[in-house]
Amino acid sequence: MSAGDDRRDVVAIEASEDIIRARRSGRDIARSLDFSLADQTRLATAISEIARNALHYGGGGRCEILGHRAGVQREITIIISDAGPGIPDVAQAMIPGFSTGHSLGMGIPGARKLMDRLDIESRVGRTMVVMTMVRRFTT
Amino acid sequence: MRIPILRLGNILLTSLPPDITDEHAERLQSDILERLDQTAVVGVILDITALDVVDSYMARILAETAQMTRLMGSEVVITGMNPLVAVTLIEMGRELTGVTTALTLEQGVASLKHQIAARDGDPPEDPVDECG
Chain A
1 MSAGDDRRDV VAIEASEDII RARRSGRDIA RSLDFSLADQ TRLATAISEI ARNALHYGGG
61 GRCEILGHRA GVQREITIII SDAGPGIPDV AQAMIPGFST GHSLGMGIPG ARKLMDRLDI
121 ESRVGRTMVV MTMVRRFTT
Chain B
140 MRIPILRLGN ILLTSLPPDI TDEHAERLQS DILERLDQTA VVGVILDITA LDVVDSYMAR
200 ILAETAQMTR LMGSEVVITG MNPLVAVTLI EMGRELTGVT TALTLEQGVA SLKHQIAARD
260 GDPPEDPVDE CG
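For the protein sequence lines, the chains are A and B, in the order given. Here this note's numbering is used: the first residue of the first sequence is 1, the next is one more, and so on. Here this note's numbering is used: the first residue of the second sequence is 140, the next is one more, and so on.
Treat the hints with care, as some may be off.
Unchecked claim - Heads up, simulated SDA-like pairs for lysine to any residue below, C-alpha to C-alpha not over 25 Å straight-line: (1) K113(A) to L228(B); (2) K113(A) to L190(B); (3) K113(A) to M220(B); (4) K113(A) to E230(B); (5) K113(A) to L235(B); (6) K113(A) to M94(A); (7) K113(A) to I142(B); (8) K113(A) to V130(A); (9) K113(A) to I229(B); (10) K113(A) to G232(B); (11) K113(A) to N221(B); (12) K113(A) to V134(A); (13) K113(A) to H68(A); (14) K113(A) to T160(B); (15) K113(A) to P88(A); (16) K113(A) to Q246(B); (17) K113(A) to Q92(A); (18) K113(A) to V226(B); (19) K113(A) to I200(B); (20) K113(A) to R69(A); (21) K113(A) to R135(A); (22) K113(A) to V72(A); (23) K113(A) to T240(B); (24) K113(A) to D161(B); (25) K113(A) to L37(A).
Treat the hints as calculated values from the structure; they're not laboratory data.
Modelling step: build the complete structure from the supplied sequences, incorporating the hints.
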């Protein structure tokens with residue numbers, strides 16, 4: 001594949017099957033970019049966590065997966081958004097163990113540990129979580 | 140789709156399918172509890188060989204099922220965890236605390252027998268059992 005060979009997929013998150021669809025798509029794109037099996041598992045798990053939040057708290061949303069290859073660098077960006085009530089305290093939501101409901105509080109801090117970066121932008125009617133994983137392949 | 144729960148002597152055995160949805164996992168949990176109530180079961184094996192993702196939700200379902208089963212007087216062993224799943228759970232800080240695990244189904248059955256014997260206060264009668 002040539003440099004700048006990008007891949008993109010969008011999965012609507014409307015039911016719990018869609019969580020599986022989103023994480024499978026993330027894994028497929030990670031595999032196509034030669035990410036290791038361990039990284040594929042981390043990515044799929046992180047997508048599962050955040051997509052579930054979008055479904056349960058946001059009333060559904062969408063998951064966009066972007067794979068980018070540029071020279072030795074491979075990057076995957078996941079953008080999960082919903083139009084729900086928003087996260088009242090984003091800083092608190094990043095703390096392990098904090099939760100507004102049913103032990104889903106592990107989701108954000110857990111996903112953050114698995115990814116290289118996780119940012120949240122949230123207000124009433126719009127929550128967006130952006131996660132990235134970047135790897136370099138020197139050989 | 141209902142996930143089958145098999146009975147092997149006094150042990151219940153169920154294998155979680157790949158890509159199990161939240162609803163199916165929850166139904167499996169209640170089905171197991173129902174079967175415990177109906178049958179003279181002393182142990183449950185949850186085989187997760189097919190799962191290539193265990194997120195915090197599934198981890199909670201597994202841990203809860205184990206706790207509930209124990210509360211009902213049976214022992215639980217989770218078998219076949221994919222090593223990458225184990226690594227991911229640890230990295231997330233979501234260990235399956237309080238849950239007995241075994242690498243294979245065979246070791247899981249052996250471990251269950253040991254747990255049951257220990258709980259009932261019987262010394263393991265046959266040390267050259269399949270657990271080796």
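Hints versus structure:
1. K113(A) to L228(B): holds (10 Å)
2. K113(A) to L190(B): holds (21 Å)
3. K113(A) to M220(B): holds (20 Å)
4. K113(A) to E230(B): Holds, because 7 Å separates the two Cα atoms, which is no more than 25 Å.
5. K113(A) to L235(B): holds (17 Å)
6. K113(A) to M94(A): Status holds; Cα separation ~10 Å.
7. K113(A) to I142(B): violated (32 Å)
8. K113(A) to V130(A): holds (14 Å)
9. K113(A) to I229(B): holds (10 Å)
10. K113(A) to G232(B): Holds. K113(A) to G232(B) sits at ~9 Å (cutoff 25 Å).
11. K113(A) to N221(B): holds (19 Å)
12. K113(A) to V134(A): holds (14 Å)
13. K113(A) to H68(A): This hinted pair holds, its Cα atoms lying about 21 Å apart.
14. K113(A) to T160(B): Cα-Cα ~24 Å, so holds.
15. K113(A) to P88(A): holds (21 Å)
16. K113(A) to Q246(B): violated (32 Å)
17. K113(A) to Q92(A): holds (15 Å)
18. K113(A) to V226(B): Distance ~12 Å between K113(A) and V226(B) Cα, so the pair holds.
19. K113(A) to I200(B): holds (21 Å)
20. K113(A) to R69(A): holds (23 Å)
21. K113(A) to R135(A): It holds: about 16 Å lies between the C-alpha atoms, which stays within 25 Å.
22. K113(A) to V72(A): Between K113(A) and V72(A) the Cα gap is close to 24 Å, so the pair holds against 25 Å.
23. K113(A) to T240(B): The hint holds at about 24 Å.
24. K113(A) to D161(B): Roughly 23 Å between the alpha carbons, so the hint for K113(A) and D161(B) holds.
25. K113(A) to L37(A): This hinted pair holds, its Cα atoms lying about 17 Å apart.
When each numbered hint is compared with the structure, violations occur for hints 7, 16.
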